[in-house]
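Engineer: Here is how the chains run, residue by residue.
Number of protein chains: 2
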Amino acid sequence: MPQLLLTVEDYRKLVDKYDTFLFDCDGVIWLGTTIIEGVKESIAFLKSQNKRVVFVTNNSTISRKEYSKKFAGFGMSISKEEIFSSSHATAVHLKNIVKFSPDKKVFVVGGQGVKDELHLANIRFCNKETSALKKPADYKEFVNDPEVGAVICGLDRDINYAKLSIAHLYLTLNKDCLFIATNNDSTYPVGDFNLPGAGSILSVLETSTKRVPTIVGKPYKTLFDCISADYHIEKSRTIMVGDRLNTDVQFGINSGIDTLIVFTGITSEHEAMDPNSTQATYAMTSFGEISKLA
Amino acid sequence: MPQLLLTVEDYRKLVDKYDTFLFDCDGVIWLGTTIIEGVKESIAFLKSQNKRVVFVTNNSTISRKEYSKKFAGFGMSISKEEIFSSSHATAVHLKNIVKFSPDKKVFVVGGQGVKDELHLANIRFCNKETSALKKPADYKEFVNDPEVGAVICGLDRDINYAKLSIAHLYLTLNKDCLFIATNNDSTYPVGDFNLPGAGSILSVLETSTKRVPTIVGKPYKTLFDCISADYHIEKSRTIMVGDRLNTDVQFGINSGIDTLIVFTGITSEHEAMDPNSTQATYAMTSFGEISKLA
Numbered sequence: 001m002p003q004l005l006l007t008v009e010d011y012r013k014l015v016d017k018y019d020t021f022l023f024d025c026d027g028v029i030w031l032g033t034t035i036i037e038g039v040k041e042s043i044a045f046l047k048s049q050n051k052r053v054v055f056v057t058n059n060s061t062i063s064r065k066e067y068s069k070k071f072a073g074f075g076m077s078i079s080k081e082e083i084f085s086s087s088h089a090t091a092v093h094l095k096n097i098v099k100f101s102p103d104k105k106v107f108v109v110g111g112q113g114v115k116d117e118l119h120l121a122n123i124r125f126c127n128k129e130t131s132a133l134k135k136p137a138d139y140k141e142f143v144n145d146p147e148v149g150a151v152i153c154g155l156d157r158d159i160n161y162a163k164l165s166i167a168h169l170y171l172t173l174n175k176d177c178l179f180i181a182t183n184n185d186s187t188y189p190v191g192d193f194n195l196p197g198a199g200s201i202l203s204v205l206e207t208s209t210k211r212v213p214t215i216v217g218k219p220y221k222t223l224f225d226c227i228s229a230d231y232h233i234e235k236s237r238t239i240m241v242g243d244r245l246n247t248d249v250q251f252g253i254n255s256g257i258d259t260l261i262v263f264t265g266i267t268s269e270h271e272a273m274d275p276n277s278t279q280a281t282y283a284m285t286s287f288g289e290i291s292k293l294a
Numbered sequence: 001m002p003q004l005l006l007t008v009e010d011y012r013k014l015v016d017k018y019d020t021f022l023f024d025c026d027g028v029i030w031l032g033t034t035i036i037e038g039v040k041e042s043i044a045f046l047k048s049q050n051k052r053v054v055f056v057t058n059n060s061t062i063s064r065k066e067y068s069k070k071f072a073g074f075g076m077s078i079s080k081e082e083i084f085s086s087s088h089a090t091a092v093h094l095k096n097i098v099k100f101s102p103d104k105k106v107f108v109v110g111g112q113g114v115k116d117e118l119h120l121a122n123i124r125f126c127n128k129e130t131s132a133l134k135k136p137a138d139y140k141e142f143v144n145d146p147e148v149g150a151v152i153c154g155l156d157r158d159i160n161y162a163k164l165s166i167a168h169l170y171l172t173l174n175k176d177c178l179f180i181a182t183n184n185d186s187t188y189p190v191g192d193f194n195l196p197g198a199g200s201i202l203s204v205l206e207t208s209t210k211r212v213p214t215i216v217g218k219p220y221k222t223l224f225d226c227i228s229a230d231y232h233i234e235k236s237r238t239i240m241v242g243d244r245l246n247t248d249v250q251f252g253i254n255s256g257i258d259t260l261i262v263f264t265g266i267t268s269e270h271e272a273m274d275p276n277s278t279q280a281t282y283a284m285t286s287f288g289e290i291s292k293l294a
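In order, the protein sequence lines correspond to chains U and W. For reference, each letter of the first sequence is one residue, going 1 to 294 in our numbering. For reference, each letter of the second sequence is one residue, going 1 to 294 in our numbering.
Simulated from the structure, these hints should not be mistaken for lab results. The beta-carbon is built from N, C-alpha and C at its ideal position, and this holds for glycine as well. Everything hinted at is true.
Computed Cβ-Cβ distance ranges for the label pairs, DEER-style:
no.: 1; chain 1: W; residue 1: Glu141; chain 2: U; residue 2: Ala72; range: 26 to 32 Å
no.: 2; chain 1: U; residue 1: Asn276; chain 2: W; residue 2: Lys140; range: 31 to 37 Å
no.: 3; chain 1: W; residue 1: Glu66; chain 2: U; residue 2: Pro189; range: 40 to 46 Å
Kindly produce the complete structure, drawing on both the sequences and the hints.
Structural biologist: As structure tokens, then:
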């Protein structure tokens with residue numbers, strides 16, 4: 001069962017024990033468009049203590065730069081180097097983990113965030129598709145590009161059949177073509193609704209190619225390996241803070257680091273403390289409580 | 001092991017034993033755009049013997065009327081009543097099996113064939129989607145239509161994120177909304193390529209909604225129930241003729257009827273006669289051989 005942190009003394013021990021704090025954002029820092037009380041001050045306090053903070057998000061549709069602007073909108077000065085989106089992680093994975101050849105390029109099924117981060121990492125990419133590729137006969141004109149050495153799939157709100165078909169063809173025709181997904185969340189919340197997420201778009205290519213992708217985002221350890229490729233990380237002095245057991249806490253467990261579940265998002269205290277749930281190391285009401293140390 | 005039919009006497013016994021012959025098309029009647037030798041004469045012979053022939057296809061993108069034109073192009077006079085496409089079967093399933101209420105309507109993710117067959121069956125449908133529904137915020141404007149009582153998903157080459165999202169919303173918001181797939185083939189052949197099929201598009205909604213659809217097309221028995229709803233079928237006097245073990249032969253097995261595998265398409269004689277393969281009742285080189293009886 002997670003250790004429930006209740007007193008200022010508990011909070012102080014937590015802050016003393018770790019050098020690097022990895023944060024999920026929605027449900028921990030903000031709820032949709034509203035910042036959670038005390039969190040801004042808590043993060044400022046950590047920084048004043050020379051703690052490293054890294055914001056880890058599965059959202060691949062916007063770049064770190066755009067994400068930084070979202071923080072600025074809450075009056076928080078967070079640099080892009082403090083943000084680890086699944087789009088950036090995917091670029092790091094290609095560049096630093098699998099050492100993707102500069103002779104090769106990537107075909108992108110995904111949003112602007114993926115394209116922006118590939119561009120920043122000097123990885124060549126294409127997402128050529130034409131609406132003319134609608135009739136079966138059009139595919140007879142398909143000319144394979146042997147330079148395409150990876151297909152990246154993330155949430156793509158401009159998805160169409162031609163784009164999916166071309167990704168499918170590269171994945172099945174090009175020997176050794178890598179298959180990488182930014183994340184595999186089946187849905188994501190928009191207002192009162194849930195809509196199909198990256199994992200649902202990804203399932204088209206998983207089903208058609210019968211291939212298993214490398215998944216970068218939480219809860220997969222790939223993301224932690226990417227963070228470790230960018231920063232020196234001492235696992236025993238690093239903690240993951242999140243509001244979801246199956247993504248944030250599981251990510252910490254998969255990465256071999258401690259975890260803190262907060263009750264400002266999806267997971268209730270009742271659920272977090274249930275011995276049958278995924279077990280976080282610590283639990284607390286809100287990360288905003290840390291501001292009491294300031 | 002299937003009984004291998006080799007002689008004219010074998011063929012005559014086959015024809016005598018059955019009243020209704022269900023046929024797969026590609027690989028049995030034609031190969032892409034070329035008719036298989038002797039098949040036209042074989043079908044004509046069956047008809048001259050007052051046998052009923054029904055052409056059964058998982059292709060939902062064109063209507064039976066359009067399919068009839070394809071036969072005409074090969075000089076074969078096949079009426080739409082002799083064709084059972086998965087699009088028509090889906091309409092029959094809604095109308096005659098589940099008795100879909102005339103007060104309700106269907107949201108269609110699928111091609112023109114599905115819309116044409118729903119129209120012929122007097123089933124109301126919509127496939128409203130707007131390219132404006134691209135930004136997350138647009139979904140806050142989504143107004144649920146409680147009249148939508150079913151989502152049909154088939155191969156849709158005009159797929160887009162808004163259409164998938166709206167289908168997802170009806171399936172998750174409307175109590176008792178039926179989830180029906182025309183078929184679940186993961187790919188289909190186009191020239192030298194395979195492209196993502198209905199089953200791959202379907203997987204988006206299966207993943208996002210975590211719902212299990214009713215699948216109409218081969219190899220599922222749903223299709224046989226639909227055929228039985230349209231025609232009087234005596235199972236012991238009905239046979240399924242196909243070139244694929246996992247769709248055509250399995251469809252016959254699931255429906256409790258005899259099967260004939262031919263070697264003019266996907267399956268080789270070696271594979272069909274392998275005791276570890278799905279077991280057809282009979283096997284023969286080509287259905288064109290039946291023309292020797294004429």
